[in-house]
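Protein chains: 2
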Amino acid sequence: MEFKISKDFIAHIEQLISENKEQELNDLLQDVHFADIAEIMDELQSHEASYIFNTLDSEKTAEILLELDDEVREKILKNLTAKEIAEELDELSTDDAADIIAELSKEKKEQVISELEDVEHAKDIVDLLRYDEDSAGGLMAKELVKVNENWNVLTCVKEMRAQAENVTRVHSIYVVDDEGRLKGRLSLKDLLTTSTKTPISEVYIPKVDYVKVDTENVEVARIMQKYDLEAIPVVDELGRLVGRVTIDDIVDVIKEEADKDYQLAAGISQDVEADDSILELTKARLPWLVLALFGGFISVKVLGLFDAAMKEHAELFFFIPLIAAMAGNVGVQSSAIVVQGIANNTLNGSLWKRLVKEFSLSLFNGLILGIILFLGCYFLLSSDIKVAFTVTTALLAVIIVASFLGTFIPITLDKYGIDPALATGPFITTSNDICGILIYFFIAKAMLGF
Amino acid sequence: MEFKISKDFIAHIEQLISENKEQELNDLLQDVHFADIAEIMDELQSHEASYIFNTLDSEKTAEILLELDDEVREKILKNLTAKEIAEELDELSTDDAADIIAELSKEKKEQVISELEDVEHAKDIVDLLRYDEDSAGGLMAKELVKVNENWNVLTCVKEMRAQAENVTRVHSIYVVDDEGRLKGRLSLKDLLTTSTKTPISEVYIPKVDYVKVDTENVEVARIMQKYDLEAIPVVDELGRLVGRVTIDDIVDVIKEEADKDYQLAAGISQDVEADDSILELTKARLPWLVLALFGGFISVKVLGLFDAAMKEHAELFFFIPLIAAMAGNVGVQSSAIVVQGIANNTLNGSLWKRLVKEFSLSLFNGLILGIILFLGCYFLLSSDIKVAFTVTTALLAVIIVASFLGTFIPITLDKYGIDPALATGPFITTSNDICGILIYFFIAKAMLGF
Numbered sequence: 002m003e004f005k006i007s008k009d010f011i012a013h014i015e016q017l018i019s020e021n022k023e024q025e026l027n028d029l030l031q032d033v034h035f036a037d038i039a040e041i042m043d044e045l046q047s048h049e050a051s052y053i054f055n056t057l058d059s060e061k062t063a064e065i066l067l068e069l070d071d072e073v074r075e076k077i078l079k080n081l082t083a084k085e086i087a088e089e090l091d092e093l094s095t096d097d098a099a100d101i102i103a104e105l106s107k108e109k110k111e112q113v114i115s116e117l118e119d120v121e122h123a124k125d126i127v128d129l130l131r132y133d134e135d136s137a138g139g140l141m142a143k144e145l146v147k148v149n150e151n152w153n154v155l156t157c158v159k160e161m162r163a164q165a166e167n168v169t170r171v172h173s174i175y176v177v178d179d180e181g182r183l184k185g186r187l188s189l190k191d192l193l194t195t196s197t198k199t200p201i202s203e204v205y206i207p208k209v210d211y212v213k214v215d216t217e218n219v220e221v222a223r224i225m226q227k228y229d230l231e232a233i234p235v236v237d238e239l240g241r242l243v244g245r246v247t248i249d250d251i252v253d254v255i256k257e258e259a260d261k262d263y264q265l266a267a268g269i270s271q272d273v274e275a276d277d278s279i280l281e282l283t284k285a286r287l288p289w290l291v292l293a294l295f296g297g298f299i300s301v302k303v304l305g306l307f308d309a310a311m312k313e314h315a316e317l318f319f320f321i322p323l324i325a326a327m328a329g330n331v332g333v334q335s336s337a338i339v340v341q342g343i344a345n346n347t348l349n350g351s352l353w354k355r356l357v358k359e360f361s362l363s364l365f366n367g368l369i370l371g372i373i374l375f376l377g378c379y380f381l382l383s384s385d386i387k388v389a390f391t392v393t394t395a396l397l398a399v400i401i402v403a404s405f406l407g408t409f410i411p412i413t414l415d416k417y418g419i420d421p422a423l424a425t426g427p428f429i430t431t432s433n434d435i436c437g438i439l440i441y442f443f444i445a446k447a448m449l450g451f
Numbered sequence: 002m003e004f005k006i007s008k009d010f011i012a013h014i015e016q017l018i019s020e021n022k023e024q025e026l027n028d029l030l031q032d033v034h035f036a037d038i039a040e041i042m043d044e045l046q047s048h049e050a051s052y053i054f055n056t057l058d059s060e061k062t063a064e065i066l067l068e069l070d071d072e073v074r075e076k077i078l079k080n081l082t083a084k085e086i087a088e089e090l091d092e093l094s095t096d097d098a099a100d101i102i103a104e105l106s107k108e109k110k111e112q113v114i115s116e117l118e119d120v121e122h123a124k125d126i127v128d129l130l131r132y133d134e135d136s137a138g139g140l141m142a143k144e145l146v147k148v149n150e151n152w153n154v155l156t157c158v159k160e161m162r163a164q165a166e167n168v169t170r171v172h173s174i175y176v177v178d179d180e181g182r183l184k185g186r187l188s189l190k191d192l193l194t195t196s197t198k199t200p201i202s203e204v205y206i207p208k209v210d211y212v213k214v215d216t217e218n219v220e221v222a223r224i225m226q227k228y229d230l231e232a233i234p235v236v237d238e239l240g241r242l243v244g245r246v247t248i249d250d251i252v253d254v255i256k257e258e259a260d261k262d263y264q265l266a267a268g269i270s271q272d273v274e275a276d277d278s279i280l281e282l283t284k285a286r287l288p289w290l291v292l293a294l295f296g297g298f299i300s301v302k303v304l305g306l307f308d309a310a311m312k313e314h315a316e317l318f319f320f321i322p323l324i325a326a327m328a329g330n331v332g333v334q335s336s337a338i339v340v341q342g343i344a345n346n347t348l349n350g351s352l353w354k355r356l357v358k359e360f361s362l363s364l365f366n367g368l369i370l371g372i373i374l375f376l377g378c379y380f381l382l383s384s385d386i387k388v389a390f391t392v393t394t395a396l397l398a399v400i401i402v403a404s405f406l407g408t409f410i411p412i413t414l415d416k417y418g419i420d421p422a423l424a425t426g427p428f429i430t431t432s433n434d435i436c437g438i439l440i441y442f443f444i445a446k447a448m449l450g451f
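Those protein sequence lines, which keep their order, are chains A and B. Under the working numbering, the first residue of the first sequence is numbered 2, with each subsequent residue one higher. Under the working numbering, the first residue of the second sequence is numbered 2, with each subsequent residue one higher.
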């Protein structure tokens, strides 16, 4: 069962630190999971976090390092020598070690690598550092269990036991030929139930899903989800088995991708967290606000074109926020559904069919909203019936155009290889604001004449 | 490597169906993964999809059923008798079978259950149907490998082999006492490397994470992610082991949760897809638009209060969309970051501290945007310097208030147990529109006097 981190518990830890009671602290944290210790350290001040880190033994600290918030980890790594960092990394699997090394400065990176004890481990880590972090190569670990197709089950089991020492979780046993090329896989279950003298070539399953080192991480995630895989082997350009990606790495990819889309929809362009610095948050947020501000300039100009309306139909100006808000909301709804469809690969059929559907949908919604607006104008806001009719017609037109743009823009962006999620949020609301106001006043001008 | 579904391939299949070439179709789909066949069927018309379904053998069709879009599955199930459905379900694991049964009508449900061949399997499925689908009980499968603490390694390996027949993936071997209560776990690796006479009670790991049947699915996902688990045992109220949840189910939970938040941020209140019917899409979208429309009514009323300004400072009205858009965008940014922080459990510190930070951030961003706006007003839009100054001051005030509301509302909702994601999207933009306009005209009235 999960350990609950209470305020009292943290206060107790802070007190032990301030009283320099190392032994008691160690005893207290003895049975606490490293993920929980990391969470506690994230809450503490940095000198307190460092104190805890130095108190614990390196088997635990290595795992804690992985779980810490980026900022906290950075501070702790700064206080460690290259040799100390290397000792932590020796405890970790290659992919996790490579992730941590990748965060270091170039100089420290080299120092740390030269301090790694286990030469094979070091080689594997250096190898992993070559790959783009958003590719299968960047996700994979070198640790896996592989056997030669020419062995028999007995040799295989022996080799497996030796190899399994370094592998936390054995999902599949991969079968390779003498050149190291991936040939297939063996299931643990088959191995348990086959006679020990059977040659591997007779029992292995030659059909095995795999990805290449340069396959994009989101693509790896998609394949693993689709085929319900818990691990997938990674091969190089020559088809040689070089690593494997496990489902827990994919969970992170899925989470990050979803977070990114969500943030883009809200007008936040980098992966930021609430606890990041004001400068980082500004970098992620300000560009979108500037975009919206420039959109605002255009709308000021557009409204200026229609100032003649002010004398006779001042009331029209009171409806601007309503029209703009409806245009923005409809546009975001349409684009969000398309963006999600693209991301989940559930968007079937042509653009044309989709636009027709969106047209019917917005016509249907627009008519209902139009009726409410008309009644509202007439009874609630006691507008002139001609104005009520004008505003209602404009709303219908604005909703249809907004849903068109919301559908069309992300599909088109995706077609040209641009992330469609960019279309949601401020971009779509700003362009729909301007379009909406233009349509509104054009219709008003045509119907009321000013 | 992944199989790519081309248009040609689908056209070829459609032709085979229209020519009624069952054997050729079967040969063609022989080596195609069930997930791919499901994807093909989703693209076809429903009578074609049914044709394919009837051609294939039930080992494959059962898995296909699981992967189909809800609508397509529903149509196919409608065409099958209770006995046929039961045959499909006999091929599936208990959790998947329960998920499909749960979609049937009450009457058909009972018929199908009575037709299930394997009594143990049927019992397990019925048992699973009791649980809320959003709980650990609703996620778990009954298939697992468990051994008694009183056995020795040899008995254990024998039992395991027998049990493993029904379990696709053995993640952990769970250890229970005579009453079936979860005592701990065994790793496959330990089992491979321990002498066969050792009693289990000596080798098992007594510390094991678990969840209760009524733990919420998002909580299960959080725990499994945090502790990096690939499977977690589920216990009932008495601590008895009743099932296990595997990471692939959790991937779905994470995906759904992220999709839900994203849709709420875009003003879509139900789990809909681009391919859902217009009626379903309307149900998910229209309520938010009606909310925005009523917000629009209020803004019309608010603007009506300030119509005196129109005579002397008509220009002020041209800035309404700019002010409203900035208020909306800032509000959504702030609330999105808070909502994500709450969802990912990374929000440390008090509400007060967060508001102070958000204040500094919005002051900083607001000043930069204010300078751009002032220069823009003066040079681009050639406004009166007094108006430029008024609009700039208002913008600063509006940004600060919007970011306050964006931070305050989701945190408060969360405190009272309401999904904070409800605060993002139309709700926050609408309330910020109204607040923004009020603030803008109050400041304008104070500074320009009308």
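Among these hints, one or two may not hold up.
What the hints assert, rightly or not - Calculated pairs, DSSO-like style, for lysine-lysine (alpha carbon to alpha carbon, straight line, at most 27 Å):
#, chain 1, residue 1, chain 2, residue 2
1, A, 198, A, 184
2, A, 159, B, 446
3, A, 354, B, 302
4, B, 446, A, 312
5, B, 159, B, 184
6, B, 256, A, 261
7, A, 416, B, 261
8, A, 8, B, 5
9, A, 416, B, 256
10, A, 302, B, 312
11, A, 208, B, 302
12, B, 261, A, 261
13, B, 159, A, 198
14, B, 354, A, 261
15, B, 227, A, 416
16, A, 446, B, 302
17, B, 227, A, 227
18, B, 312, A, 256
19, A, 354, B, 446
20, B, 312, A, 416
21, B, 387, A, 61
22, B, 261, A, 312
To be verified - Over 10 Å on every C-beta distance to chain A, these chain B residues come out as not near it, computed from the model:
#, residue
23, 51
24, 83
25, 106
26, 152
27, 200
28, 249
29, 260
30, 269
31, 347
32, 423
33, 434
34, 440
The hints are simulated quantities; they were obtained by calculation from the structure and are not laboratory data. No experiment lies behind these values; they were computed from the predicted model shown. Yeah, the Cβ is synthetic: ideal placement off N, Cα and C, and Gly gets one too.
Hints versus structure:
{"no.": "1", "hint": "198(A) to 184(A)", "verdict": "holds, 20 Å"}
{"no.": "2", "hint": "159(A) to 446(B)", "verdict": "violated, 85 Å"}
{"no.": "3", "hint": "354(A) to 302(B)", "verdict": "violated, 40 Å"}
{"no.": "4", "hint": "446(B) to 312(A)", "verdict": "holds, 21 Å"}
{"no.": "5", "hint": "159(B) to 184(B)", "verdict": "holds, 20 Å"}
{"no.": "6", "hint": "256(B) to 261(A)", "verdict": "holds, 13 Å"}
{"no.": "7", "hint": "416(A) to 261(B)", "verdict": "holds, 25 Å"}
{"no.": "8", "hint": "8(A) to 5(B)", "verdict": "violated, 53 Å"}
{"no.": "9", "hint": "416(A) to 256(B)", "verdict": "holds, 24 Å"}
{"no.": "10", "hint": "302(A) to 312(B)", "verdict": "holds, 19 Å"}
{"no.": "11", "hint": "208(A) to 302(B)", "verdict": "violated, 68 Å"}
{"no.": "12", "hint": "261(B) to 261(A)", "verdict": "holds, 14 Å"}
{"no.": "13", "hint": "159(B) to 198(A)", "verdict": "holds, 20 Å"}
{"no.": "14", "hint": "354(B) to 261(A)", "verdict": "holds, 25 Å"}
{"no.": "15", "hint": "227(B) to 416(A)", "verdict": "violated, 37 Å"}
{"no.": "16", "hint": "446(A) to 302(B)", "verdict": "holds, 23 Å"}
{"no.": "17", "hint": "227(B) to 227(A)", "verdict": "holds, 24 Å"}
{"no.": "18", "hint": "312(B) to 256(A)", "verdict": "violated, 54 Å"}
{"no.": "19", "hint": "354(A) to 446(B)", "verdict": "violated, 51 Å"}
{"no.": "20", "hint": "312(B) to 416(A)", "verdict": "violated, 50 Å"}
{"no.": "21", "hint": "387(B) to 61(A)", "verdict": "violated, 64 Å"}
{"no.": "22", "hint": "261(B) to 312(A)", "verdict": "violated, 47 Å"}
{"no.": "23", "hint": "51", "verdict": "holds, 18 Å"}
{"no.": "24", "hint": "83", "verdict": "holds, 27 Å"}
{"no.": "25", "hint": "106", "verdict": "holds, 26 Å"}
{"no.": "26", "hint": "152", "verdict": "holds, 17 Å"}
{"no.": "27", "hint": "200", "verdict": "holds, 21 Å"}
{"no.": "28", "hint": "249", "verdict": "violated, 6 Å"}
{"no.": "29", "hint": "260", "verdict": "violated, 6 Å"}
{"no.": "30", "hint": "269", "verdict": "violated, 6 Å"}
{"no.": "31", "hint": "347", "verdict": "violated, 6 Å"}
{"no.": "32", "hint": "423", "verdict": "holds, 14 Å"}
{"no.": "33", "hint": "434", "verdict": "violated, 5 Å"}
{"no.": "34", "hint": "440", "verdict": "holds, 13 Å"}
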